[in-house]
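Protein chains: 2
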Amino acid sequence: MGLQNCTVAVVGATGAVGREALGILEQRGVPAARVRCFASARSAGVTLPYAGSSVRVSEIGEGVWKGVDVAVFCATSGVSKQFGPGAVRAGTWVVDNSSAFRMDPATPLVVPEVNPEALRDREGPALIANPNCSTIIMLMGLNPLRVRFGVEGVVVSTYQAVSGAGAAAMDELSRLAADALAGRAGEPKVFIEPCAFNVFSHNSAVDPANGLNVEESKLIHETHKIWNDRNVRITPTCIRVPVYRAHSESCAVTLRNPASETEVRAAFDGAPGVSIIDDRAGNVFPTPLKAAGGDDVLIGRIRPDPAHTLDDSGRSRHWCLWICGDQLRKGAAQNAIQIAEMVWRN
Amino acid sequence: MGLQNCTVAVVGATGAVGREALGILEQRGVPAARVRCFASARSAGVTLPYAGSSVRVSEIGEGVWKGVDVAVFCATSGVSKQFGPGAVRAGTWVVDNSSAFRMDPATPLVVPEVNPEALRDREGPALIANPNCSTIIMLMGLNPLRVRFGVEGVVVSTYQAVSGAGAAAMDELSRLAADALAGRAGEPKVFIEPCAFNVFSHNSAVDPANGLNVEESKLIHETHKIWNDRNVRITPTCIRVPVYRAHSESCAVTLRNPASETEVRAAFDGAPGVSIIDDRAGNVFPTPLKAAGGDDVLIGRIRPDPAHTLDDSGRSRHWCLWICGDQLRKGAAQNAIQIAEMVWRN
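Same order as they appear, the protein sequences are chains A and B. Just so you know, the first sequence maps onto residues 1 to 346 in the working numbering. Just so you know, the second sequence maps onto residues 1 to 346 in the working numbering.
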């Protein structure tokens, strides 16, 4: 059962995630007549192509929710705080892509493949938070291991696409790359560092006390909430790379119980939403270009951590893997629409 | 005392590392009359600019070493194996950038700031191996911590420039980036994956038995040899990023003895060859663009691993840092010429 009979609103429809959400609704077969698009006054009146037809963007406001079953918020935290609770009061389910309510104890934070129980028997309408992109993509890769062996901790270094900073950042990557190729020194505007032919520490604010940036804090706290386990040790380093729209993550995982390589690989058999690309002989593994535009999170470079010896039965608690997932899709719009499908089914 | 009175040969002078070596010799004030350039027959006869003058490239051969005090090999392992031992027999010190002799127990493997003792009182001429780029850059960042606190292990994920695969790879990055910006699907030739707007597992061969690629194995075994400690636990993941010439490395280090943040930072005070860029308030940290063309390895994002609590005295054994260094300079040519300076001084 899908969203075909559901009236869905996309808030922030003209942004990078909003446009992706519309594309996914179109793929899911939701007719144009059941789609509402909202944005700020600046974008109101714009017409977006949709399923061979088009949808007109209206200005977001407090009185727009009549007849809207589910609203997917793809705008800023400020917009979600201003209009999200009112939408729920007006009888609309809200799935919120922003960080506004993620750590609110009363708000479920959901990756459907990971913690669907957070939505079970939930009375609605309510607001459901969509996790941060790097959290979703990491957990898609680690959750099958957690289910089978438990996860004690992970050291994760990210290779994050610029799309996480929006469409303007993707344009900046193109502009600065063209400048660099032409021998011109282009001026960064979205980021403080040049994003073309460079990598840099994630652009979110750094806590002066502990040195963590906000992206790293999200990885820690959102994982603890989604897995309902504050004891998982997470050591994150979040880095931007000159890639348009898919994130990659290098993970060194410590399991609670030892596993053999066969057992580790078997843990991914039939796991929803993930695909294995792991051809050692051909040196073929996941890349962000392979993940871009796809539904699945890609996993490869599955190998025992060479810093730890296998036990007599060939098992270890220490494993490495490499995960790539589309930041705009599974990292944002697709996960949000999966949540919409779950609450609408409820 | 420098190399001004030393006759220095650069083997593989027309390659990316060879050209960098010439630039460094020029900076060091070695006159053109004391520089010899060798390459394969294909490049023989080429004239390279040098210190306002030029140097002609001759074909490498067995009888070329007369009058050459130090030869810096910047070519393939095959060339080093074929001509390196003969050069030593002919009375020439050899500094070898290739991997040919690195793990030979009789051959010193040297980062001058890290294990100068490997060259102390060494009789020559002899062949000295230059470590792999990712090893040199990581050890420049970690060695000050090892000296003060000991290092038990490190989980390291690399963000490696394409320059490690030579000048052709740097050209491929420009070509494929231009293709992508123009909406054309360019064909990769040097790498099997497109290197523009993408990241991918390092292009070296993957061991089918343990899943490690050769670059990762080098990080482990070369570190064990340079630090003369086979017990250091190294968990490497080596990844290529669309950057021209400087490598970055995300490190989560476990020290043998706990240290406070003040003590960790003090360990880098006066450490040769490293500079700290670590402005949390401004979100200003090392990048490969900042490291490119410079002598120093840049270190930042120094912070306690949030997965481990500080002890009552504010100390921890678990620290994170971010290291960037020029792959062609400190990662290759510069380190080799520093070795040349050490052996010539001997």
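Just so you know, the hints here were simulated from the structure itself, not pulled from any lab data. Positions of the beta carbon are idealized from the N, C-alpha and C atoms, including for glycine. Be a bit skeptical, because a hint or two may be false.
As the list claims (entries may be wrong) - Only part of the chain B face toward chain A is listed, based on derived beta-carbon distances under 8 Å:
no.: 1; residue: 103
no.: 2; residue: 107
no.: 3; residue: 159
no.: 4; residue: 181
no.: 5; residue: 214
no.: 6; residue: 268
no.: 7; residue: 313
no.: 8; residue: 316
Each hint, compared with the structure:
no.: 1; hint: 103; in the structure: violated (16 Å)
no.: 2; hint: 107; in the structure: violated (23 Å)
no.: 3; hint: 159; in the structure: holds (5 Å)
no.: 4; hint: 181; in the structure: holds (6 Å)
no.: 5; hint: 214; in the structure: violated (10 Å)
no.: 6; hint: 268; in the structure: violated (15 Å)
no.: 7; hint: 313; in the structure: violated (17 Å)
no.: 8; hint: 316; in the structure: violated (11 Å)
When each numbered hint is compared with the structure, violations occur for hints 1, 2, 5, 6, 7 and 8.
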